[in-house]
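Chains as they are written, first to last, in the working numbering: chain A, 1 to 259; chain B, 1001 to 1259; chain C, 2001 to 2302; chain D, 3001 to 3302.
Hints in this document: simulated from the structure, not taken from any laboratory. Don't be surprised by glycine CBs; every beta carbon is placed ideally from N, CA and C. Please note that a few of the clues may not be correct.
Claimed, not checked - Simulated coverage check for chain C against chain D, where a stretch passes if three residues somewhere in it have a Cβ under 8 Å from a Cβ of chain D:
#, stretch
1, 2056–2066
2, 2103–2110
3, 2202–2210
4, 2251–2257
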Amino acid sequence: MNIPTITSIVTSFNEASDIKTITFTYPGDVSPGQFFMVWIPGVDEIPMSVSFATKTMKGITFRNVGDATLALYQLKKGDKIGIRGPYGNGFSLKGKHLLFVGGGTGIAMLALAIEQARKKKLKATVIIGAKTKNQLFFEGRMRQCGATVLVSTDDGSTGYKGYASELAKHVLKEKHIDAIYTCGPEQMMKTLLLYCKTIPFQASLERYMKCALGLCGQCCIGKGLRVCLDGPVFDGTVLKKIKDFGVYHRDASGRKILF
Amino acid sequence: MNIPTITSIVTSFNEASDIKTITFTYPGDVSPGQFFMVWIPGVDEIPMSVSFATKTMKGITFRNVGDATLALYQLKKGDKIGIRGPYGNGFSLKGKHLLFVGGGTGIAMLALAIEQARKKKLKATVIIGAKTKNQLFFEGRMRQCGATVLVSTDDGSTGYKGYASELAKHVLKEKHIDAIYTCGPEQMMKTLLLYCKTIPFQASLERYMKCALGLCGQCCIGKGLRVCLDGPVFDGTVLKKIKDFGVYHRDASGRKILF
Amino acid sequence: MTDLATTISALQLKNPTMLASGIMDEDVGSMQRMIDCGAGAIVTKSIGLHPREGYLNPTVIELEYGILNAMGLPNPGIDIYGKEIKALEKTKIPIIGSIFAANAKDFVTLAIKMQHFGANAVELNVSCPHAKHYGLEVGSDASLLREIISSIKHQIHIPVFVKISPNIMNLVEVAQNIKNAQADAIVAINTVKGMKIDLETGQPILANKTGGYSGKAIKPIGIRCVYDIAQNVDIPIIGVGGITTGEDAIEYFMAGASAVQIGSAIYYRGPEVFKHICKEIDLWLRKHNYKNLYELIGAAYL
Amino acid sequence: MTDLATTISALQLKNPTMLASGIMDEDVGSMQRMIDCGAGAIVTKSIGLHPREGYLNPTVIELEYGILNAMGLPNPGIDIYGKEIKALEKTKIPIIGSIFAANAKDFVTLAIKMQHFGANAVELNVSCPHAKHYGLEVGSDASLLREIISSIKHQIHIPVFVKISPNIMNLVEVAQNIKNAQADAIVAINTVKGMKIDLETGQPILANKTGGYSGKAIKPIGIRCVYDIAQNVDIPIIGVGGITTGEDAIEYFMAGASAVQIGSAIYYRGPEVFKHICKEIDLWLRKHNYKNLYELIGAAYL
Ligand SMILES: Cc1cc2nc3c(=O)[nH]c(=O)nc-3n(C[C@H](O)[C@H](O)[C@H](O)COP(=O)(O)OP(=O)(O)OC[C@H]3O[C@@H](n4cnc5c(N)ncnc54)[C@H](O)[C@@H]3O)c2cc1C
Ligand SMILES: Cc1cc2nc3c(=O)[nH]c(=O)nc-3n(C[C@H](O)[C@H](O)[C@H](O)COP(=O)(O)OP(=O)(O)OC[C@H]3O[C@@H](n4cnc5c(N)ncnc54)[C@H](O)[C@@H]3O)c2cc1C
Ligand SMILES: Cc1cc2nc3c(=O)[nH]c(=O)nc-3n(C[C@H](O)[C@H](O)[C@H](O)COP(=O)(O)O)c2cc1C
Ligand SMILES: Cc1cc2nc3c(=O)[nH]c(=O)nc-3n(C[C@H](O)[C@H](O)[C@H](O)COP(=O)(O)O)c2cc1C
Ligand code: FES
Ligand code: FES
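Work out the full structure: start from the sequences and follow the hints.
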């Protein structure tokens, strides 16, 4: 059976403006980069990356952007949600010095991978990009695990002024990076892919999801690659061949929407 | 799944007038006293005790009494039947000197138990009862396994003249018997139960069967004992409390039929 | 123990697990065993006016996820079967007489006899998927069904339950029709039409070829039928179909059932299934701070 | 390899495994992948005149023995979707355009567009169990269904398939009606109405509450539908419902299907399921000394 398991909120924490992390009891293993389908009964069920994981507890970190995330935002300790998963493939960390580039809420889905890299004693440089200072989060958490953290904001309110991808370009020039891992706006990731040339590259994609079981076809990119099952993490070599990447996604009806 | 497995007849052998043994490939273990549901496609599915068993082959021995047994009787090598099972509990052999009483085709379902007793080096006295000489079978097979075989016929055409139960009465007087195992006409078995007093007693019953899964209730005796699942072998202590025993059975519609 | 008592029309049940029709109810002995195993009520096998042998074997097989049967309504006829019911006279557990016929007159005769023999309610089987002229043909003919129910209601005083099929399209309409004819409860569902073909011989395995599918696989079908009726028609419902555990029963209560019937699970878990399920319901209720069943009934749509 | 080719009306299939409607057929890329994985034909998702978002999530869950879905016929509308079909122009595999509408006029418009975009046949979805006004309401209205089929047949030259529901009572009558209206094949079955309630919240899990049950559990239901139609109505049948292995497919062929569609098994065995099933069919045919599929079709009733 692959149905939601009901669990209740244990903590709800404000990370930044409009961004929260909630945690709940949900036992089992998770690979960094995997996601849950989160059911808010009576509202919707949406995909959310696992941003926090212990043997018995898990957490997600999200921006309040619509009905479902608003409902999640308003949940209090003890409120019930349904979780199924984890789904998807997750990252495979290779090399000695890894560069992580998280744009927007993208850092939420990179967090566990970064912590895993540090646990494996790999060197991790992390770029967190946000529109503006008060949307930044996980800076402290990432420093705490021993990563080198760089920050960019579009408006320059803190850190590097400009896109995270531009900051990454600088880093790539200065340091020897073995592999790049990214999650964020797709055009940013596409730009980054251009910059990284032969360096191994993995990006986590977001597509509208329904089944998350690899069945309905809603989330497909390229030649039927299911973001929910074959992804959400794809190698740069694969992404280079996919013309959808950075260009369009599909809404719930299947219509193409340009990024 | 509990559906018939199709297999083909390997041998078909005339045991006596109107009585045949057929063997077929059917792997698996069987406890002596268990039975199969034998499907003759297009005809019927009927219960049949396992009368022959190796790791890969099994056999049944039956009298041609109606549509289904006639169809079985006419099968040739290579013809197909469906087998499901084995079902039922089988005998539990206890003691050092065991008496087996088979009336009519009853010896067919006792045969494996007798051979098992001999393999365990138990002493086995076997009474084979038949109406008349040319309906006798398994005499040689039973001697071969080292059992002491006594024969009775109703008409005295060979062996003791009279019912198998009467012959058993004599044996019980002369020998020290630890347990009695019987299969045959129910009134014979009931008489035998009276004779055996405190000696452990097990009898194998026949009732009209449909599901053989313990579900439909067609084969019940006493307080809902399912001959197909709780039986077909019952202890004397149980049978003494069951007023149906030796008195009536039910036809396919559920009507009581007196023996 | 929490309070597992439930009520369906005039019937009081000490617990909500009833034996489903056609399973372990051929004679007084089997029914007594089911009572001893904890059944809260017994539904007899479906009984007609005259003895019927039913179909030849195979009549029942187990598939991967359920049971397939085509018994063909075997029964000894109401007059003979009456003795089995009479013999249950002393039991305190409600006995519900299931009956089948092709027309209102025969149904009335059967119902009167059932009441006379001591049945505490009758259940009209108008939903057998594999018996020609009886069963589904009756259940899907709205005016015939109305006539049958009203005629019976005029002649007996014990409650009348109507057992329906998931094989009909306009389920809610049919349920409303049954309610309008003054039936006291709806039993949903009977088996789903199904078939299994043996690949080696190319033959359908059941002698009757098609049969009725029951057991675990059909639970989602039964749940939606109960839910759709409960939401739209104001009549007590008895849920049947694939109930194997206490949680399955609770799902049916939430969908709107006031009691449940259990058939195929006797194969999966033995006759003790009634006790097991009651214990599991009790545990669940306690864990979730319910004091009784009533609080749960219809939770999914209320 | 034995010969796995099969024919349905004017369509020649190199193998009998078709992609079922609504699964992995949102865009040209997914359909191409299914072709690469060995599908013998592709049925598009059901397309209507206008874009539809479908229902909110949860829309699909996996139950113990099957899948439950209520997508709500999401689709971008025929004009946008046409591009996906056009992009498949070069494939040699037949593309069957599934369409839904509430009346004959819209059905005709859709069918003409499908033919124009290059579809090799159309499949009328008149059997969706959970989309109001479309689906079952259409499929169970005999005269509307006849009108729809005849109107379409007058306007296009590619074959017209009609996909039916197991949720109807008078299956054989409906099939005869479809045949009389000159449809070229029947596709049986669409999903079975079902529901799953979450016990902790007491809520039906699907946003639409009820949904359609597919996958392993429904195979016996599909087999009996195909068998009953095949035995009574002279029209090619495409079997769907619970097909997961080559043996499942063979059971459908014996029941009377000339080809099969595969949906939920993509969850159980991945997109490679088409290749797997073809290989299993081939092995079975060889083991049983069949040279081709035709010898097998209808074996259970011929
Ligand atoms: C694999 C994956 C992991 C994700 N991880 C995170 C995360 O860690 N943190 C985070 O904040 N967001 C994450 N998202 C995005 C998140 O799912 C959407 O923000 C959320 O669904 C919005 O729902 P809503 O009802 O609040 O907004 P709506 O008002 O419904 O829509 C806002 C946007 O969210 C998208 N959306 C709505 N429903 C879905 C759906 N079922 N599947 C995908 N997108 C949807 C819409 O396309 C729309 O663009 C992830 C998405 C995917 C696919
Ligand atoms: C557990 C068990 C083991 C048996 N083992 C043997 C055996 O080893 N050898 C042997 O010769 N016979 C055995 N029988 C009896 C055998 O099943 C019947 O003789 C056979 O079913 C007759 O079928 P028919 O169609 O040839 O006869 P029919 O003309 O159908 O009937 C003849 C008699 O067989 C009985 N019978 C028919 N169908 C069934 C059925 N489904 N279940 C039970 N009885 C039925 C009828 O009650 C009737 O009295 C056994 C019966 C049971 C219950
Ligand atoms: C072997 C068998 C016999 C049945 N006989 C009857 C019957 O006589 N009358 C009836 O109304 N239902 C009959 N049914 C249907 C059951 O009462 C019940 O509705 C169905 O099996 C679904 O419940 P389950 O999944 O718990 O078995 C029978 C079912 C089985 C399996
Ligand atoms: C997620 C999902 C979506 C479906 N969408 C459609 C659809 O749009 N049109 C249609 O005719 N059938 C649709 N179906 C039904 C399937 O085509 C098929 O008839 C059914 O699932 C039974 O086959 P299966 O058991 O192989 O899945 C859908 C089924 C599923 C599981
Ligand atoms: S969401 Fe259904 S295939 Fe990915
Ligand atoms: S034959 Fe059905 S219970 Fe024994």
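Now the hints, each set against the structure:
1. 2056–2066: holds (count 4)
2. 2103–2110: The restraint on the stretch 2103–2110 of chain C is violated, since only 0 of its residues have a Cβ under 8 Å from chain D and three are required.
3. 2202–2210: holds (count 5)
4. 2251–2257: Satisfied; 3 residues make the cut.
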